[in-house]
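There are 2 protein chains.
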Amino acid sequence: MEQVLSENNLVISVDAMGGDKSPQVVIEGLAIAAKHNRDIRFLVFGDEEQVQAELKKYPILKDVCQLRHSPERVHNEDKPSQVIRNKNTSMYQAIDAVRQGEAQAVVSAGNTGALMAISKMLLKTIQKIHRPAIVSIMPHRYGKYVMLDLGANTECNAVNLAEFAVMGNVLAKHALGIERPKIALLNIGAEEMKGKEEIRHASQMIRNSSMDIDFIGYIEPHEITFGKADVVVADGFTGNVALKTMEGTAKLIRSMVKDAVKSSFLALLGLPFMYFAVRKISKTMNPKLYNGAMFVGLNGLSVKSHGGTDALGFSVAINNAATLVRQNFVATIKEELEHIDLEEISQDIFYEVY
Amino acid sequence: MEQVLSENNLVISVDAMGGDKSPQVVIEGLAIAAKHNRDIRFLVFGDEEQVQAELKKYPILKDVCQLRHSPERVHNEDKPSQVIRNKNTSMYQAIDAVRQGEAQAVVSAGNTGALMAISKMLLKTIQKIHRPAIVSIMPHRYGKYVMLDLGANTECNAVNLAEFAVMGNVLAKHALGIERPKIALLNIGAEEMKGKEEIRHASQMIRNSSMDIDFIGYIEPHEITFGKADVVVADGFTGNVALKTMEGTAKLIRSMVKDAVKSSFLALLGLPFMYFAVRKISKTMNPKLYNGAMFVGLNGLSVKSHGGTDALGFSVAINNAATLVRQNFVATIKEELEHIDLEEISQDIFYEVY
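Protein sequences appear in the order of chains D and C. Under my numbering, the first residue of the first sequence is numbered 1, with each subsequent residue one higher. Under my numbering, the first residue of the second sequence is numbered 1, with each subsequent residue one higher.
Some hints could be false.
Put simply, identical chains are the same to the list, so a pair is met inside one copy or across any two.
Calculated pairs, DMTMM-like style, for lysine to aspartate or glutamate (alpha carbon to alpha carbon, straight line, at most 20 Å) [to be verified]:
(1) Lys258 - Glu223
(2) Lys196 - Glu155
(3) Lys79 - Glu191
(4) Lys144 - Glu247
(5) Lys251 - Glu49
(6) Lys56 - Asp214
(7) Lys62 - Asp39
(8) Lys79 - Glu192
Hints are computed from structural coordinates only; laboratory data are not their basis.
Construct all of the structure, not just a fragment, from the sequences and the given hints.
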């Protein structure tokens with residue numbers, strides 16, 4: 001199978017052993033992704049016997065996968081400090097394939113902390129970026145938006161936030177095809193003096209910088225879902241709180257609607273009429289279609305699939321990775337950063353303000 | 001009308017000039033509240049002519065309201081630093097009535113920052129409480145819960161968070177009737193070492209204290225809506241982000257459902273069948289029914305109604321205030337705090353950890 005990778009193809013390395021139902025769901029996900037992306041080749045890491053048994057089920061994967069045996073796997077309870085020392089896991093080896101240039105991106109449904117720790121160690125942060133961030137593409141009323149950081153950095157300073165804005169801008173341009181994305185900082189008020197110091201400081205820094213971005217100032221959480229911004233920038237704690245609150249609220253409403261319909265005989269009778277409407281909403285809001293949080297700011301692409309996703313969800317994570325590789329995402333970020341020195345601007349502002 | 005207040009009644013002072021459609025909505029709200037609470041008397045502050053005209057419309061208010069003329073009002077764009085110096089506004093005078101013991105609580109639909117600033121200045125913080133908090137009662141899948149701080153304090157330390165836990169506990173007991181409320185700190189992970197330093201520190205402090213509360217540790221945002229805790233404690237920034245994210249997500253889903261139904265002829269046909277189911281959901285989720293954020297930690301009760309609410313919503317804010325007065329909320333908090341010295345525990349933990 002060696003020739004699989006020798007061609008001039010887009011190669012994605014895959015941790016076949018991550019997630020709740022691996023390797024079954026992962027391999028089925030590859031089969032779905034392969035159908036829609038004839039140019040992708042997969043470098044699959046995992047238990048040879050188990051993965052081979054799954055690969056056999058999908059003829060479409062025969063000529064596009066290369067399997068490599070990894071004797072161990074990362075477990076959900078493993079600590080980042082342990083996993084970065086174990087070179088025998090499928091996750092470690094899948095990421096290392098990106099470092100070695102064999103693949104252009106890695107996708108795993110395994111332990112998030114472990115994936116971030118190994119990715120940081122092996123791929124290293126892009127020069128001029130201090131902290132990588134977790135990014136996702138999400139639905140709003142009129143389209144999609146990019147949100148970061150979703151949990152990589154609990155505490156962020158103004159420079160980190162400004163760097164996230166640069167990376168989010170590139171992502172929205174390339175993954176969403178928005179020519180001039182509107183960038184906003186997540187805050188709890190619209191006025192310039194509202195919120196935390198680091199947010200106010202980041203706002204000043206972005207305004208004073210030579211960054212060629214459409215910075216629209218602050219966005220409040222209830223405005224996100226109505227498309228006020230194409231890129232929403234927050235520290236990892238706040239971003240994670242917002243993300244999980246959306247998840248919880250959507251689940252609450254879904255279960256309340258189900259209960260209400262079930263408890264009304266009339267509503268049950270009316271249910272068939274609702275079929276197409278319900279299908280349409282499910283399509284737009286289906287969390288599977290937004291699977292695949294990307295780690296950005298590293299010399300290489302690392303994509304985290306939800307651990308509990310199904311094959312369709314995993315294929316979406318693969319698609320996300322492939323889109324960014326095709327758009328030369330990492331190189332573009334490096335290029336955009338070349339002309340900006342946020343540290344320097346940061347110094348200037350400090351002198352101005354204090 | 002002086003005898004209105006001389007009786008041994010529950011008295012609530014009301015800023016009649018706050019909110020988008022004042023004094024109309026406010027006075028109509030009082031009429032609704034009066035119907036359900038025969039024991040409440042209202043001390044109403046506002047423009048005499050305008051308010052009198054409204055009062056005349058509701059015979060039920062004739063014997064339960066005392067109107068006092070305030071020549072000015074607080075506007076939405078007024079800064080807290082200005083409003084605390086102007087004793088002529090209806091908001092200032094309504095709060096001052098609580099300080100002077102004429103009323104036991106104040107309700108206003110005006111400028112939140114102004115209400116907080118004047119309330120803090122006139123009512124003062126309870127001894128042993130460092131920072132007042134904004135609290136609300138909200139719906140989850142199986143009932144209601146208390147959440148604080150929703151925006152009074154952008155930055156909080158561990159002592160502040162532990163104090164919020166004590167106040168939230170009292171509120172859940174008295175306003176929700178939960179005998180032993182489950183208290184949790186909002187965080188982005190379940191493990192003891194996750195999240196921000198002040199949250200971890202607060203967790204230790206509460207565990208090491210003599211507080212008699214059922215502290216269940218951390219809660220993640222997506223667990224809130226499923227009733228894991230009766231009291232959710234966060235700093236004001238995080239709490240405000242969570243609150244507004246819920247609001248935005250609920251609005252997004254509502255508008256997507258509307259769009260989907262409208263664009264399907266079949267669904268429109270089925271709509272009448274859904275009537276009772278929709279009414280049930282609207283009843284549970286109706287934001288008006290959760291109107292009335294309370295400022296707790298002060299020597300007196302100050303309740304903020306949403307500025308854009310209707311009369312029903314304003315009456316809910318009045319009900320919330322009345323419930324807490326009847327339960328002797330302020331005195332109970334003081335009592336509970338008597339036996340706890342969080343500062344001291346805080347010192348102990350610092351020595352232990354560092």
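Structure-based check of all given hints:
1. Taking CA atoms no more than 20 Å apart as the test, Lys258 paired with Glu223 passes between copies only; the shortest distance there is 19 Å, against 27 Å inside one copy.
2. Proximity of Lys196 and Glu155 under a CA criterion of 20 Å is satisfied in both settings, with 12 Å inside one chain copy and 8 Å between copies.
3. In this homomeric assembly, Lys79 and Glu191 come within 20 Å of each other (Cα to Cα) only across copies, at 12 Å, whereas the closest approach inside a single copy is 41 Å.
4. Taking the shortest alpha-carbon separations for Lys144 and Glu247, both the intra-copy value of 16 Å and the inter-copy value of 19 Å come in at or below 20 Å.
5. When the C-alpha separation of Lys251 and Glu49 is checked against a cutoff of 20 Å, the pair qualifies neither within a copy, at 38 Å, nor between copies, at 49 Å.
6. Proximity of Lys56 to Asp214 under the C-alpha cut-off of 20 Å is found in neither arrangement, the shortest distances being 49 Å within a copy and 53 Å between copies.
7. Taking CA atoms no more than 20 Å apart as the test, Lys62 paired with Asp39 passes inside one copy only; the shortest distance there is 14 Å, against 79 Å between copies.
8. Within a single copy, Lys79 and Glu192 get their C-alpha atoms only as close as 40 Å, which misses the 20 Å cut-off; across copies the closest is 14 Å, which meets it.
Hint violations for this structure: numbers 5 and 6, all remaining hints satisfied.
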